[in-house]
Structure formats: C-alpha cells, structure tokens
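Turn these sequences into a full structure, and let the hints steer you where they fit.
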Amino acid sequence: MTGEGIADPGELPPARFVVDRVHVTEEKSRTRRALSFMRSNPLFSIGLGLLIAFVGMAIIGPFLVGDPLLTNPAGMFSPPSADHWFGTDEYGRDVFARSVNAARLDLSIGLAIALVAMTIGSTIGVVSGYFGGRTDEIIMRLTDILLAFPGFVLALIIVAALAESLLNVVMAVAAAYVPYFIRLTRAQALVEREKEYVDAARLAGNRPLRVAFRHVMPNSLGPALVSATLVTGWAVLTVAGLAFLSVGIQPPTAEWGVMVGEGAGDIITGEWWTSLFPGGMIVLAVMAFHFIGDDLTESRT
Amino acid sequence: MRLFEVEALTVGITGSPFPILREVSFYVEPGEVLALVGESGSGKTMTALAAMGLLPFGIEMTGGDVRLGGDSLVRTGGTVERSAAQMSMIFQHPTSALNPTMRVGHQVGRVIQINQRLGRTQSLEAAVELLKHVGIPGAKRVARNFPHQLSGGMCQRVMIAMAVACQPRLLIADEPTTALDVTVQAQIFDLIKSLVSEIGCGVLFITHDLGAVAEMADRVAVMYGGQVMEESPVRDLLAEPRHPYTRYLLESVVREVDHRVEDIGVDFALTGCRFGHRCPYVHEKCNGFPPLVEISPSRRVSCFLKTEELR
Amino acid sequence: MRRVGTSLLTVFGIVVVVFFIVRVLPGDAAAVRAGPYANQEMIDRIADKYGLNDPIHVQFADYVGGVAKGDLGVSIRTSQGVTGELLDRLPASLELAAYAVVLATVVGVSLGILAAARLGTWVDHLARVFAVIGSSMALFWLGLLLTFFFAFQLGWFPGPVGRLPIGSEDPRTFTGFYTIDGFLSGRPEIALEAFRYLALPVITLAFVLAAPILKMVRSAMIEALDSDFVRTAKAVGVPRRQILFVDGFRNALIPVTTTIGIVFGFMLGGNILVEFLFSWPGIGRYAFDAITTRDLEALQGFVVLVGVMYVALNMVIDIAYALIDPRIRIGSGTAK
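Chains as they are written, first to last, in the working numbering: chain A, 1 to 301; chain B, 1 to 311; chain C, 1 to 336.
Treat the hints as calculated values from the structure; they're not laboratory data.
There may be inaccurate statements among the hints.
The calculated DMTMM-like cross-link candidates involving lysine to aspartate or glutamate, where the alpha carbons are at most 20 Å apart (straight line), are [as the list claims (entries may be wrong)]:
1. Lys193/B - Asp209/B
2. Lys234/C - Glu81/B
3. Lys234/C - Glu60/B
Here's what the structure looks like:
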C-alpha cells in the first residue's frame, strides 16, 4: 500500500554473495552437559535415580538378601541392627529381605496394571474418538458411569468379587484406570483425525478400522505414554492400599501393603519398624514415578 | 531536555550470551510521537516491555539505560522501576488484554482510583465519563459489561481509557490497531492523537505499518533483528532513506516487491550487524557491530556504509 | 434441566453396573445368612425369602423399584435396612470429609499462591516437593505414622478408637457433626473432645488432598499471571498485591474448582482406608465390613449412595462454574 509522502527509494543493486560471518561460540564437554541437565531438571534426575535404584532392587535384590518367608520365632521383634537392617517382625522374619522382595512384586504389578489399562483404554479411546457419533456417545456415557466410582472403591469391589489371584488384582485395578486412558487417547484421536495423513489413508482405500489402528492410534499414544509413568505410581499405591486391607494380596506374601497391614497393630507396643520401612518404600517408589511423570507432562505443555 | 530516552539497551535470555536486543537507542522529545517500526520479530515490543519493566520471566536487561525526563529508571540489578504516572502502555489484542472476570467500568475505575486517588464511587463515575470521552456510546451501560461482550474496537477504547487515566508523561502504544478492522483503525488513530494533545504526553508508537507511521508520527526509528538501523524525522526518512534495510522496507511497500524469499531469519549469535545476511552492501567490516552514528542534526544511522563510504 | 436428566441416567447406569458386579461375588449369600449350622432346606427357604432364587431380571426390577423409593434393601449381615444404616453413618464420614477438605483447601491454596508469586525460588521448590510427597503418600502409612508419633509417643492426640472416648455419651443429634452438636446440646466439652479425635484422621487426609490442590492453584496462577490482562494491569499501575489476588486468583478459580471436585470424589473412596485405620464409624467402614462379609445388599447400597453423591457433587460444581466465570453466565455480543 502506498501512503502519502513515501518516496521511491530508488534501485537497489542485486544481493552479492554473503561473506563469512563471525559467531559467538560456546562449547561444553559431555560431563558438563550432563551435570547441567541434572541441575536444570533436579526433580527428574532424582526421580530417575530413585527409579533405577528400585528397579535394581527388584531385579537383583531378591538374590542378594535372605528368604522373605523364613520365620524365626526366637528372634521376633528385634529392632533394626547390623544383622537385620530393618529389624524383624512378629514371626521373626527379616523385614529388609521382605521389603526387597516386595519391591519386585509391587513394581511389576504396578507396571502390569499401567500397561493393561493403557492398552485397553487407548484402544477404546481411539475407536471412540475416531469414529465419533453414537459409538462415541455410548462409550463416553459408560466411561462417565465408571468414573463416578472412586477408583479405590471400584478396584475394591471387583477384587472382592473375583477369586483371589494376582491376575485378578491386576485386572481389577487396571479397570479403575481404563477410563482415564480412554479419555486421554480419545482427546488426542479427535485432534489426529483432522490431519492430512488420515485423509490420505482413507483415500488409499483402507478400511476404517485399519485407518484407526494402523494410522491414528500410534499418533494418539503420546499423552498416554507419558501418563503411564504416573499411573504406574498410582497403581502401586492402590494395590498396596488393598493389600493393607488384606484384599487381593494376602499375608504371608511379601508385599509392601501387606507388611504395613501386618505391622499396624505392632505400633501400639512400640515396634515401629515393621510398618515404617515398607510404607516408606511405597512412598519413595511412587515419588520416583511422580518426579519423572510430572516432569514429562510439564515439558509437553 | 528529552522527554524519554533509551540508550544502548541490551536485553537477552537469562543464561544465554546471545542478546535479543542489541544497543538499542532512541529518544522522544516532549509532545512528540516517535514511531518504532520493524517486521514482526524485530524486537519492537520487547524494547517497549523492557522500558516499562514488564519483561517476562527468563528475559532480562543486561545493559544500557532508560531515562524519563533525564532521570534513569534503571535500578541496580538491571530492573526497571516505573510508575504508571510516568509511563503507561496499550497493547495489541485488546479483548484478551482486559480481565475477563471484571466489568470494564470497574477496570477503568480501578485505575482512576489508584492513580488519581479518588474514592470508590467517585472513581466509577469518573470512569463512565472517561469511557464517554474515548468515544464509547452509552457509556453507562457499557461500563457494566464484561470484555467478552464488547467488540475489539470497544475494548481498545477501554484500554486507551485505562492508559490515559494514569495521566502518564509517556504513552506507549504497541500495534494498537493491528488486530482491528481497517475502518476502526482511523478512529483509534484520531482518538490517540486528540488525547495526546489534551494530556500533552509523548508517544512511543510501535507498528509495522508504514502508512500509520506517515499519519501518526513525527519521528521514526527503524528496527531489525533487535538492532536500531535508522532514526530520523519521518519526512526525511521517507524522502531519503539512508540505511539499506530502510530502503528494502520502503521498496516492499512502494513497489510491493516481495523480499521474503531471501529472508533466512535472524541469527542472534552473530557478532556483527544483524542485517548482514540480507544486505547487498555487506562487507568484511560488518562483522563488527556498527554503532548508531549521527549523520545530520536529527538523524542517526547504524551502518558502516554511511560513515566510511563503502562501495 | 437437561443436566438433571443425564445425571439421573448416570445414576441408573451406576445401579446397573453395581448390581451385576456384585452378583458375581463368590459364596452363596443365602448360605452365609443361614449360618454355619444350617442344612440345605433352611438355606433354600432363606433364599426364597430374600428372592435369591428368582431369575436375575426379576431381582433387578425389584431392586430398582426399591431404590426409586429410597429403599436400598436389607443388610444380610445385620438384618437392618441398608438405607437406615448408611444414613446413620453418613454424618461421621461427612464430618471427617468436610474438615479434611477445608484444611486441604486452605493449605493448598495458600501454598499454591505463594509458590506462584515466588516462582523459581526455594519457596516454590519446597512447595512442589511437598506436592509430590503428598500425591505419593500412602494414606494408611501416613495415618499409622502420625498415630504412632503423636498419639502413642507424644500423647497429644488420642489413639484410633473412633470419634469420641470409649464410653462417652453422644451429644443430641442436630447436624450429626459432633463438633457442632456438642455446642448445640449445651455440652461444649464433647465438641472439644470430638475435635481431638478428629485431628489425626483429618490431618492424614488433608495432607494427601492438599497436594493436587496446591499443584493446580500454582499452575493456574502461573498461567493467569502470565496472561495479557495481568500485563495490562501492571502497565496501568495496579499494585502487586492486588494483581496477585484479584487478577490472578479470580481467574485461577475455575481450574481450582474442578480440582476441589476431583478431591471430593477421591475422598469418597479414600475414606475406606482412613475410616478403617482410625475405627471411624462411617460409611467407608460399613462398606469394608460389607465386602468382607459378602453382604451384597449393603455393598450395593453403599455404591449407589456414593454414585448419587458424586453426581450431585458434579452438578454443584457446574453451578459454581457459572457463578465464577461471567463468560459462562452471560453470552457474548451484547454491545458492539
């Protein structure tokens, strides 16, 4: 647009080759970069460290410590010492050994639950988001109904309804988190289905289901994967809570919640170590997942 | 004495050695309108925010001075302390620049209450008067509305009312009409002009529109890549541009030549002139930062070309 | 009005789901009720009496009819009306929940605002760590820890025996809240005792509930403080404190309200653990007993009640939204 009073600037010569330009440079060594990463993401680093420690404990721990089920009535209720780092419980079992074994159980259950919930939830969510219409409405209604139950209560009822087995515990608690994943992937699928590659896939003649699962789903999993870390943490918490009530996982299995439940009565008589340590491990483990998961969610937004 | 002056202002991201704004300098005389012109990303808004002490978290002033009426506003530590009675500002997207949960009358009234120290009811009445004064019909009714109920033009008038209620010595207007209809633009320009002559404040008018510059401004400073390229009275600049970038700019406007294809973006890591990669006269010397040099009483240019007669 | 309709539909759905899940419970309900010395004939008679041998859709229809009238059936374990038992225990749970939510909100909101105002400083980091610990906390472990420390070691608070010292007389019932009823029935010392017994379970719950509130307040405040309109307020001279509370917080209220709703929802379930631990005579405890004794009716009743409360809660929250945000309340385009 020409305004008043703006004169013609005259002919400009064509651009010549650009000369070498000087940059302000900065180099950093590998270790310095790692350290600076840790400093700017302190929480993530702590979480990662904790997680590695726990995974290590879960994998090799049980081979290094004693038998979690070995009873020794003579040595019952001995406080933490050099022999028994976490002391012994009312049956004389070594609390530390039990805690370490419990790590393997709890972490694997938590992971299993998160994976199951994510798989089922994502599938349903993608279907719901991609196909829309009545399918979507029905699925959303059902999800709403499921969400009306507080997660713990739902898991409690289902576990109580089914026979006592690890598999059932996993399925029951996973059921509580499925709606969460449905919502998450559905939202992402809604965004994805407007994108061009979906049209391309459709026009190429793919059947709708194939488009949904082969193309839309992998791209909708982003937020779900990030949430999976958090859900693993919540799952461990829920399973431990149920076990504390002797639902799902029973004594004498070495599981953190079970141990706290068994040790609960002991605190009246002052034996605090039977419940403090296992409970503390729960908190630390879940914290690890939280540190990592929170950081991941924050960096996505 | 100059009303407002920015001298060698340098702004960068905290922790990064590459400056976003480099040695930015310009001034505003009392009662005058200075236009700050440049493409988007040239750093004009950032300059204004720095001067106002409104830099976002993570960006800081690393050098230079900001002076109002001869007094520096910069405190130790590189922060700017400014009161609304010294400088106030209006922004680009008026509807989102107002608090969505507060009625507009209350928002204006609040400013009056704080800056003119009137009581609650008096402020609200004065607010309605002010809304009328900025050209809003049915001001009493409008005052009870929320921002989302008003059009962009109305919201901009509200924001102008708020800025003016501070009775500032300098008003900064950051692309006030870019988000509005062309028909409303002229009205807003007229409004600003009349208010400015009423209050007698100076104006720093930020825009990328050369037509607006021709209409509103007395003097103009041209920016590119966080660097001031040229500063001069409007007529002189339009009649006889001295900086290669200014010539580029005018050429795109006048001849509608599309220079975008040659644009590869600004590289903030460069030590020298930021326009170097697009400049037809670029030379070895341009690896050093060209200072703003006065080439005639009221004109300054940041280019080695004019000072050393490179060919 | 449409919302009421969909809510009722949700409640109905809840009833259906619960009904069918619960029927899957192993163990013959009639046998449980008849007791260990019954023979087959007695079991059959009891089954008949409670309609357990009727086809499933008849049982369901009966149940739904009852629910509509407010009758949630009869507890297999205690032979009392479920509705009555639940209503008896509801005030205890509500009192606990109310104080916990209030405490959690106060702590969460103030820390959240503080963290956002002092973004990046040690205050902020401390608040975030607190939030993470709170959301990772095992309720039952925390309760145990607090009880051990403050009740048994230090003796500041009483042990987990319930709402009042064993053997004390309940105050006259006005609201069901002992802390209020104590004053209302002219026996303030009971109210004070009730506070002492409330302290530990409330703190336990509040610790965990404060975490998501804190997180949400903090992030909502940060977003609000980063917004264009806060920048305008600063540009026209609004003092810092006013910006923080009026511009920042008012606009952060919506996501915060959502979170409080979620928190309430969580509490309806978390209460089972806390009530169990502190021997609290509330609906959570009741539900747990029902589960372990396979008391179908009671369990169904509990879940229906919780579902209804949750749905009602959501409706209240929606109303709150409209009150807070004028954009929801009033449409746009009144003036041009």
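Checked hints:
{"no.": "1", "hint": "Lys193/B - Asp209/B", "result": "holds (17 Å)"}
{"no.": "2", "hint": "Lys234/C - Glu81/B", "result": "holds (12 Å)"}
{"no.": "3", "hint": "Lys234/C - Glu60/B", "result": "holds (17 Å)"}
When each numbered hint is compared with the structure, no violation occurs for any of them.
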